[in-house]
Amino acid sequence: MNIHEYQAKEILKKYGVAVQGGFVAETPEQALEAARKVKEEFNSDWCVVKAQIHAGGRGKGKIAGTEHRGVQVAKNPEQASEIAGNLLGGTLVTIQTGAAGKVVNKVLVAQDVFYPGAQEPKEYYMSVLLDRQTKRNVIIYTTEGGMDIEEVAENHPEKIHREWVDPGVGFQPFQARKIAFNLGLEGKAFKEMVAFVTALYKAYEETDSAMFEINPVLKTSDDRIIAVDAKVNLDDNALYRHPDYAALRDLAEEDPTEVEAGKYNLNYVKLDGNVGCMVNGAGLAMATMDIIKLSGGEPANFLDVGGTANAETVEAGFRIIMSDPAVKAILINIFGGIVRCDRVANGVVEAYKKIGDVKIPIIVRLQGTNAVEAKKIIDESGLKVYSAIALKDAADLVKQVLSENSAA
Amino acid sequence: MSILVNKDSRIVVQGFTGNEGTFHASQMIEYGTRVVGGVTPGKGGSTHLDRPVFNTVAASVKEAGADVSIIFVPPAFAADAIMEAADAGIKVIVAITEGIPTRDMVKVKHYLADKKARLIGPNCPGIITPEEAKIGIMPGFIFKKGHIGVVSKSGTLTYEAVDQLTKLGLGQTTAIGIGGDPIIGTTTKEAVELFMADPETAGIVMIGEIGGGMEAEAAHWIKAHGTKPVVGFIAGQTAPPGRRMGHAGAIVGGKDDTAAAKMAIMAECGIHVVASPAEIGQRMKEVL
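Protein chains in written order, with this note's numbering: chain A, 23 to 430; chain B, 6 to 293.
Please keep in mind that the hints were generated in silico from the structure rather than gathered at the bench. Careful: at least some of the hints might be erroneous.
Below, computed lysine-lysine pairings styled on PhoX-like, alpha-carbon distance capped at 20 Å [to be verified]:
hint, chain 1, residue 1, chain 2, residue 2
1, B, K149, B, K12
2, A, K210, A, K200
3, B, K112, A, K414
4, B, K114, B, K194
5, A, K157, B, K233
6, A, K381, A, K414
7, A, K375, A, K398
8, B, K120, B, K96
9, B, K194, A, K157
10, A, K397, A, K375
11, A, K82, A, K253
12, A, K350, A, K375
13, B, K96, B, K172
14, A, K421, A, K315
15, A, K350, A, K421
16, B, K290, A, K414
17, A, K224, A, K315
18, B, K67, A, K157
19, B, K149, A, K224
20, A, K375, A, K406
21, B, K233, B, K194
22, A, K157, B, K121
23, B, K12, A, K397
24, B, K112, A, K157
25, A, K181, A, K224
26, B, K114, B, K67
27, A, K157, A, K144
With these hints in hand, go ahead and build the complete structure from the sequences.
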């Protein structure tokens with residue numbers, strides 16, 4: 023589960039990780055108030071207004087139809103309020119949001135951390151995540167902060183350092199020192215980095231996170247080490263241990279159809295294609311999407327109905343898929359193992375009749391226990407539903423339906 | 006022959022008396038699997054499905070000779086159940102449970118490092134040696150004894166492949182669902198190694214999906230050591246980056262995670278890669 027920058031920073035702070043200070047605001051008035059608080063606390067008129075959406079690239083992204091960037095510096099609280107007004111309610115489009123963008127409902131009014139001082143400020147990159155290969159957590163860091171890490175990995179792989187954590191003993195002080203030395207730090211900044219990375223790892227582990235990405239980690243002009251941005255992804259499977267973090271979920275950031283599907287325990291991911299699908303099992307669902315593509319269509323969604331494909335779940339699945347106007351056909355692909363195909367077939371027929379006005383062709387492929395009986399049920403239902411048993415036949419039907427579509 | 010489990014395997018069911026455990030243990034027994042008992046802490050001494058219930062896995066090993074366990078306990082208690090089985094001397098642990106926190110699995114992997122136990126899963130359909138032992142939740146009737154080894158990350162996609170094989174007259178030595186989580190006990194490569202070493206296995210079907218590097222690791226091993234034809238399929242060719250596709254581990258993070266990258270490496274390493282899951286069985290028949 024993704025959370026907002028301001029929420030991530032709250033968590034980091036709790037664990038003693040130094041962060042760029044700031045206050046969240048939902049209106050220009052609140053932003054003015056927040057900026058005044060920033061001024062009071064950090065003794066500077068300047069502050070930074072940051073749009074809070076679940077996507078990166080905010081600094082370069084713009085509010086649709088305007089030139090307003092997602093992260094802007096304000097020279098005084100009044101200007102911060104004005105910037106907040108420009109961002110709030112707008113749709114921010116970044117390289118990560120896609121063309122549709124994301125609506126900005128909150129801004130973070132934060133301290134200006136690039137203040138002048140004895141030293142030149144310097145940006146680093148640091149992330150903590152699971153290395154699937156070694157089955158251990160790894161801290162990835164580089165002196166090349168503030169940039170796209172994928173690019174650094176591509177062009178300067180030698181600049182990327184990795185520090186694996188032994189699950190038996192956990193993160194050790196010598197590792198923290200190694201990281202600080204590798205980043206070329208000394209004196210106060212060295213000590214601050216050791217404390218920073220130690221607290222960061224503890225926060226990662228104890229919050230059951232799947233990923234922490236701090237980009238940039240900043241060495242300020244007075245040699246402090248702080249997290250200027252924070253991207254935190256929590257392990258969904260562990261949320262039961264952290265009800266307070268589960269409550270940080272922002273439904274406004276998610277596709278409403280996906281949220282709706284979740285209510286029926288359907289695992290749905292919206293895609294951009296023209297053929298919807300409903301499948302039991304995640305692997306077979308992905309494979310079914312691939313079949314749609316190979317048959318000349320584009321998958322409109324991923325939808326795993328799980329172990330129980332009954333009339334209720336099938337009906338919910340139908341409605342969810344058909345709420346997408348781009349869908350021109352639906353392929354239902356169920357491999358009946360423990361669940362019997364004839365039951366699923368009856369469920370499909372029942373759901374179809376209940377919905378009534380189905381305008382797009384539906385292909386039902388039922389294989390496994392009682393597949394022949396199931397096909398008979400579909401064929402004799404009198405509904406405009408194509409049936410198949412073999413996967414290849416289903417693929418051919420998708421092709422046929424799509425060509426009929428384009429002919430009509 | 007077969008790998009890991011056979012008709013002599015003595016199975017204990019952890020989470021025996023719960024709904025899932027009861028249902029699937031019944032199905033396993035019906036298939037002819039030698040289920041010697043179950044474990045439900047606090048219910049030791051009672052009987053369930055005509056089999057003894059033990060308080061601990063250790064007791065089931067000592068008193069019923071259990072050497073394989075299957076786990077149906079809820080996610081919050083599953084890591085503990087796996088470690089208990091390993092501590093008790095169980096040789097093959099099959100964890101069906103879906104939704105175990107990753108942090109727990111990091112600990113489990115570390116704990117198992119110096120134990121003899123082999124873990125399969127979690128979040129998997131289990132393992133079956135047709136007509137001998139079904140230790141999982143797969144529909145037994147689609148499997149048939151034969152000479153193809155099947156290893157797959159997914160449940161129903163495994164059934165799909167097996168069904169195609171069986172209908173073409175190609176039975177299976179053993180089929181393993183290794184699971185779709187980021188951290189799993191037995192990797193694709195390890196399963197392939199076991200099949201390569203099994204004299205009865207003539208060909209291998211290897212089914213993967215987006216996310217992680219297990220398929221590439223197996224492919225490189227096959228290129229260096231493979232002696233039998235391998236047919237491969239990767240699900241998720243159309244999956245968008247950054248979205249989790251059902252399985253916790255099925256997510257494209259970097260370019261090596263994509264189906265296209267994996268299929269290219271597999272093809273380079275001499276694996277017969279099919280683009281469509283409908284062709285898995287047919288291709289195996291052709292290359293045997």
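Structure-based check of each hint:
A distance of roughly 14 Å separates the Cα atoms of K149 (chain B) and K12 (chain B); the hinted pair therefore holds under the 20 Å criterion. Among the hinted pairs, K210 (chain A) with K200 (chain A) is consistent with the structure: their alpha-carbon atoms are about 15 Å apart, no more than 20 Å. For the suggested pair K112 (chain B) and K414 (chain A), the alpha carbons sit about 43 Å apart, so the restraint of at most 20 Å is broken. Restraint check for K114 (chain B) and K194 (chain B): satisfied, since their Cα atoms lie roughly 17 Å apart, inside the 20 Å limit.
The suggested pairing of K157 (chain A) with K233 (chain B) is violated, with an alpha-carbon distance near 29 Å, which exceeds 20 Å. Between K381 (chain A) and K414 (chain A), the direct Cα distance comes to roughly 25 Å. Violation of the 20 Å bound is thereby established for this hinted pair. With a C-alpha separation of about 17 Å, the suggested pair K375 (chain A) and K398 (chain A) falls inside the 20 Å cut-off, and the hint holds. The suggested pairing of K120 (chain B) with K96 (chain B) holds, with an alpha-carbon distance near 9 Å, which does not exceed 20 Å.
Proximity of K194 (chain B) to K157 (chain A) is assessed by CA-CA distance (about 15 Å); at most 20 Å being required, the pair is judged to hold. With a C-alpha separation of about 17 Å, the suggested pairing of K397 (chain A) with K375 (chain A) holds against the 20 Å cut-off. Between K82 (chain A) and K253 (chain A), the direct Cα distance comes to roughly 17 Å. Compliance with the 20 Å bound is thereby established for this hinted pair. In summary, the hint linking K350 (chain A) to K375 (chain A) is supported, as the alpha carbons are separated by about 19 Å, within the 20 Å threshold.
Pair hint K96 (chain B) plus K172 (chain B) does not hold up; C-alpha atoms about 33 Å apart against a cutoff of 20 Å. With a C-alpha separation of about 10 Å, the suggested pair K421 (chain A) and K315 (chain A) falls inside the 20 Å cut-off, and the hint holds. With a CA separation close to 12 Å, the supplied pair K350 (chain A) and K421 (chain A) stays within the 20 Å bound. Straight-line distance between C-alpha atoms of K290 (chain B) and K414 (chain A) comes to about 16 Å, which keeps the hinted pair within the 20 Å bound.
Restraint check: the Cα-Cα separation between K224 (chain A) and K315 (chain A) comes to about 44 Å, which exceeds 20 Å; the hinted pair is violated. At roughly 32 Å between alpha-carbon atoms, K67 (chain B) and K157 (chain A) are farther apart than 20 Å, so this suggested pair is violated. Straight-line distance between C-alpha atoms of K149 (chain B) and K224 (chain A) comes to about 50 Å, which puts the hinted pair past the 20 Å bound. A distance of roughly 11 Å separates the Cα atoms of K375 (chain A) and K406 (chain A); the hinted pair therefore holds under the 20 Å criterion.
As the CA atoms of K233 (chain B) and K194 (chain B) are separated by approximately 14 Å, the hinted pair is consistent with the 20 Å bound. At most 20 Å may separate the alpha-carbon atoms for a hinted pair to count; K157 (chain A) and K121 (chain B) meet this at roughly 18 Å. The hinted pair formed by K12 (chain B) and K397 (chain A) fails the criterion: a straight-line CA distance of about 36 Å is larger than 20 Å. Restraint check for K112 (chain B) and K157 (chain A): the C-alpha separation of about 9 Å stays at or below 20 Å, so the hint holds.
A threshold of 20 Å between alpha carbons decides the hint, and for K181 (chain A) with K224 (chain A) the separation of about 25 Å lies outside it, so the pair is violated. For the given pair, K114 (chain B) sits about 25 Å from K67 (chain B) by alpha-carbon distance, which is inconsistent with the 20 Å threshold. Distance restraint check for K157 (chain A) and K144 (chain A): the Cα-Cα separation of roughly 32 Å exceeds the 20 Å cut-off, and the hinted pair is therefore not satisfied.
Taken one by one, the earlier hints fail for this structure at numbers 3, 5, 6, 13, 17, 18, 19, 23, 25, 26, 27, listed in ascending order.
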